[in-house]
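There are 2 protein chains.
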Amino acid sequence: MAEEDVLRKQADMVRRLKQEKASSEEITKQVSKLLEMKSAMHPEEGKHKFVLKTPKGTRDYNPKQMAIREKVFNIIIQCFKRHGAETIDTPVFELKETLTGKYGEDSKLIYDLKDQGGELLSLRYDLTVPFARYLAMNKITNIKRYQIAKVYRRDNPAMTKGRYREFYQCDFDIAGHYDIMIPDAECLKIVHEILCALQIGDFLIKVNDRRILDGMFAVCGVPDIKFRTICSTVDKLDKMAWEDVKNEMVGEKGLAPEIADHIGGYVRLHGGLSLIEQLLQDPKLSQNKLAQEGLEEVKQLFKYLDLFGISDQISFDLSLARGLDYYTGVIYEAILLQEPNDHMEESVGVGSVAGGGRYDGLVGMFDPKGRKVPCVGVSIGIERVFSIMEQKMEASEEKILTTETQVLVASAQKKLLEERLKLVSELWDSGIKAEILYKKNPKLLNQLQYCEETGIPLVAILGEQELKDGVVKLRDVVTREEVDICRRKLVEEIKRRTHIL
Amino acid sequence: MAEEDVLRKQADMVRRLKQEKASSEEITKQVSKLLEMKSAMHPEEGKHKFVLKTPKGTRDYNPKQMAIREKVFNIIIQCFKRHGAETIDTPVFELKETLTGKYGEDSKLIYDLKDQGGELLSLRYDLTVPFARYLAMNKITNIKRYQIAKVYRRDNPAMTKGRYREFYQCDFDIAGHYDIMIPDAECLKIVHEILCALQIGDFLIKVNDRRILDGMFAVCGVPDIKFRTICSTVDKLDKMAWEDVKNEMVGEKGLAPEIADHIGGYVRLHGGLSLIEQLLQDPKLSQNKLAQEGLEEVKQLFKYLDLFGISDQISFDLSLARGLDYYTGVIYEAILLQEPNDHMEESVGVGSVAGGGRYDGLVGMFDPKGRKVPCVGVSIGIERVFSIMEQKMEASEEKILTTETQVLVASAQKKLLEERLKLVSELWDSGIKAEILYKKNPKLLNQLQYCEETGIPLVAILGEQELKDGVVKLRDVVTREEVDICRRKLVEEIKRRTHIL
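Taken in sequence, the protein lines are chains H and X.
473 is the number that full-length UniProt numbering gives to position 473 of the first sequence; each next residue is one higher, with no gaps.
137 is the number that full-length UniProt numbering gives to position 137 of the second sequence; each next residue is one higher, with no gaps.
One or more hints might be untrue.
Put simply, identical chains are the same to the list, so a pair is met inside one copy or across any two.
Said to hold, decoys possible - Quick list of in silico lysine-lysine cross-link-like pairs, DSS-like style, CA-CA up to 27 Å:
hint : residue 1 : residue 2
1    : K489      : K81
2    : K29       : K284
3    : K414      : K303
4    : K139      : K226
5    : K253      : K71
6    : K236      : K29
7    : K56       : K246
8    : K289      : K399
9    : K392      : K284
10   : K33       : K239
11   : K56       : K96
12   : K284      : K299
Worth flagging that the hints you see were computed from the coordinates, not collected in a lab.
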């Protein structure tokens, strides 16, 4: 305080000198003196001018968020395993050329690594292309695998909506030559099972087929070469009004307005089996072989979805296009339908939480001889689910435990550190989850408080008397009941009380 | 074949024309013809000139390797949780400036991202610096956390030895103002527990202290400014002979030869408590306050390690230096001592599998006011452990299961796809891990073979008769026994047989 007073006086003097328009020499002298005094008082100041943050579009997970994440992952992994999937892992970056030409207009969002000599590398944009590279490289022609890992996109992040530049994808894919729509139906069943198990509210799964889209583009008069770019524009229908989508088609992509309107007539359609039947009779579409094939197969798909008892939550939707280039057949996307919780102040605009489809040509792009391995898969976008779960947890009273500690080894008197260390070591070696406070002589009250704060259910208390008697006082943190337990039986008793045997 | 003969003849002709020094016009014509013939024969060739590989120093994990990885992670996570740790996650990249000035001479190994506009980013080099950044950013003054994640180093990979450019670190750290050496001792206990549980052979944990090293440098006459760079050189003693280390000290780092020799006398020393006592009496070292403090505290540490019953496998070793700049107190490194398995053809040179130490200044480097949060931690380097485990697994007869499927839903006759779909869906909805083959009419033999190959223990077989009777034939894949089970009781029976209730 005294030091600060001196500092304030010096600052006042500088101010006065300036007001009085004193000689610049005198001012400079006093300012220097002030700065010296300041830096002597705060020697560390000035060293830390950098911004203390995570990169744009990324975030840390604190222990509570990790607890939620683990819960979500467990639900998803259990489902993937229930369907017999193996798991693989691939590096976070790939050769740049591995990713080139796979993502269409989204390629601009790929993160490149700096050329530091050696190979040119990019961070993975999804898990599908690395999976296809893995299949081709190892000449695998059939596999059912899941992979849960982070992917990277230089998008404009909207983090409140759960959109990040670094985010998890939970992918399940079936590769192999199989009979029509059977693996595809299983992928949709998996999306349905996971979204039900997560309990994040009502959802709808939109289904379409690239062959139907391409057939539709053809009968509307879109030139072949513009199929993929018009497909990208159609894909924006979930975020943009039809008028804006049409403007992009006509203005940016050079489509005739009447062709755009023709497309507009189709993409308004959505429904179930009856819509598929209707389109099979559509005078124009029925003349297009590709559309016909797609419609027949989607009809078959809906029959399987019926057998799975999930067709109620699945909508055949001609506006669904999916952005990526590599899809060749059925495509799908799951969206959440309502606010998941009415206790929330703000409505969470979550939108799409899963998507995928069939990509029969991607593996062939990597194979030196172009050999194709048909694939179908689904990707669960978990960040949006996290956002909802987090808000639900915060709104609820439920306390989230971030550790699994069963017992705190405590002491009632001073000078018992060595005894505490011996006991906690015994417990660790017996597989008990145990902690001590890292103090030589912690107060009993502080030790008990630590248990209350962190949710540790039991305290094993040592004192001179207990050590003499060969017992440990075992305290239940909630009921505050204490009993002396023979040291030899302590492990067993802790296991019994915490239900782990 | 006939086509290839034609091609060979054409190639012969080109060769002959060249030998005969024919007109360049004629040669060019025939070469063009040859190329045309080639590309007509292999129309896909030329499209796939890229290399089908993962980036240098990285690798995929196949399902079997993933099974081993999961096993190793479970052992490690169980240990971290047994010691009451929470977990966090941080992004794979950080602002470049976050990593600047933390790693000393190793900074050149940091992967930078390309400047694509926006922030300058680098891939994380370890989990310690991001952890310190996380603590400072969130003003956390005490936490016990673990983090298992990949880190990135542009090192020269020696993948056969388990050294990669992308590799996992499993970190456990204790942050907070605590009493001397208590958390430090727990970190060593954790290394000991994990290396025992992994069963990868004998190991030794070397311990030293930066204060002892610095004190030693001081009494040997190393100028203050050269402490860190000489420390980096001492760190190479595990890979280089003393003569080469000395040459680097004298030649590259400009130390007088007699100073280097003086250091050489100390770094040869290793032992236990008695060596510490001896050094406390060392006429020179005992005059250095810093060394004195370090020695006293390491002595205390060894007492705690005795209480934990692990001091036999811990060696106080003056040659241990650790490469990184940020350590301020005790440092340690665990090394494997012998070939883990004598069935191996080649000895695996694994070396260091864990390391860590105290870094009391790192968090303060991020705090705007320089507030310090003392930390101590350990990092388990798991790639080397994987290498050993993998080779052990391959050498053993044990079959590694990569899925957990309990039952395959099969059919004995044709045209039962819909019935199979209905049943497998019922099983999934009841939490049973079940699969079907994705064929309309698979042969029973193929279905049974699939179970043998993948280790599925049960087959639920449907046939016309079973459907009429309301039963399912449940077959044990190993014993080949079959019993009819009432469809209503199928789930219960499968759970009973696969011990999951």
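Using 27 Å as the alpha-carbon threshold, which applies to K284 and K299: within, between, both, or neither?
Close inside one copy (18 Å), not across copies (88 Å); limit 27 Å.
Go through the copies and call it for K253 and K71: within, between, both or neither, with a Cα cutoff of 27 Å.
Neither: 45 Å inside a copy, 53 Å across copies.
27 Å Cα cut-off: does K289 pair with K399 within a copy, between copies, both or neither?
Close neither inside one copy (58 Å) nor across copies (48 Å); limit 27 Å.
At most 27 Å between C-alpha atoms: does K489 with K81 qualify within a copy, between copies, both, or neither?
Between copies only: 23 Å across, 39 Å inside.
How do K33 and K239 come out at 27 Å by Cα distance, when the copy is not named: within, between, both, or neither?
Intra 58 Å, inter 53 Å, cutoff 27 Å: neither.
Please work out whether the CA atoms of K236 and K29 approach to 27 Å or closer within one copy, between two copies, in both situations, or in neither?
Answer is neither: 62 Å inside a copy and 51 Å across each miss the 27 Å cutoff.
Pop the pair K56 and K96 into one bin, within, between, both or neither, using alpha-carbon distances up to 27 Å.
This pair counts as both: shortest intra-copy Cα distance 23 Å, inter-copy 13 Å.
First find the shortest C-alpha distance between K29 and K284 inside one copy, then the shortest across copies, and answer within, between, both or neither for a cut-off of 27 Å.
Cα proximity of K29 and K284: none, with 86 Å in one copy and 47 Å across.
Evaluate K414 and K303 at a C-alpha cut-off of 27 Å and name the case that applies: within, between, both or neither.
between (74 Å within a copy, 18 Å between copies)
First find the shortest C-alpha distance between K56 and K246 inside one copy, then the shortest across copies, and answer within, between, both or neither for a cut-off of 27 Å.
neither (33 Å within a copy, 46 Å between copies)
For K392 vs K284, is the C-alpha pair at or below 27 Å within one copy, between two copies, both, or neither?
neither (49 Å within a copy, 64 Å between copies)
27 Å Cα threshold - placement of K226 relative to K139:
neither (33 Å within a copy, 54 Å between copies)
In the structure shown, a violation is registered for the earlier hints numbered 2, 4, 5, 6, 7, 8, 9 and 10, in ascending order.
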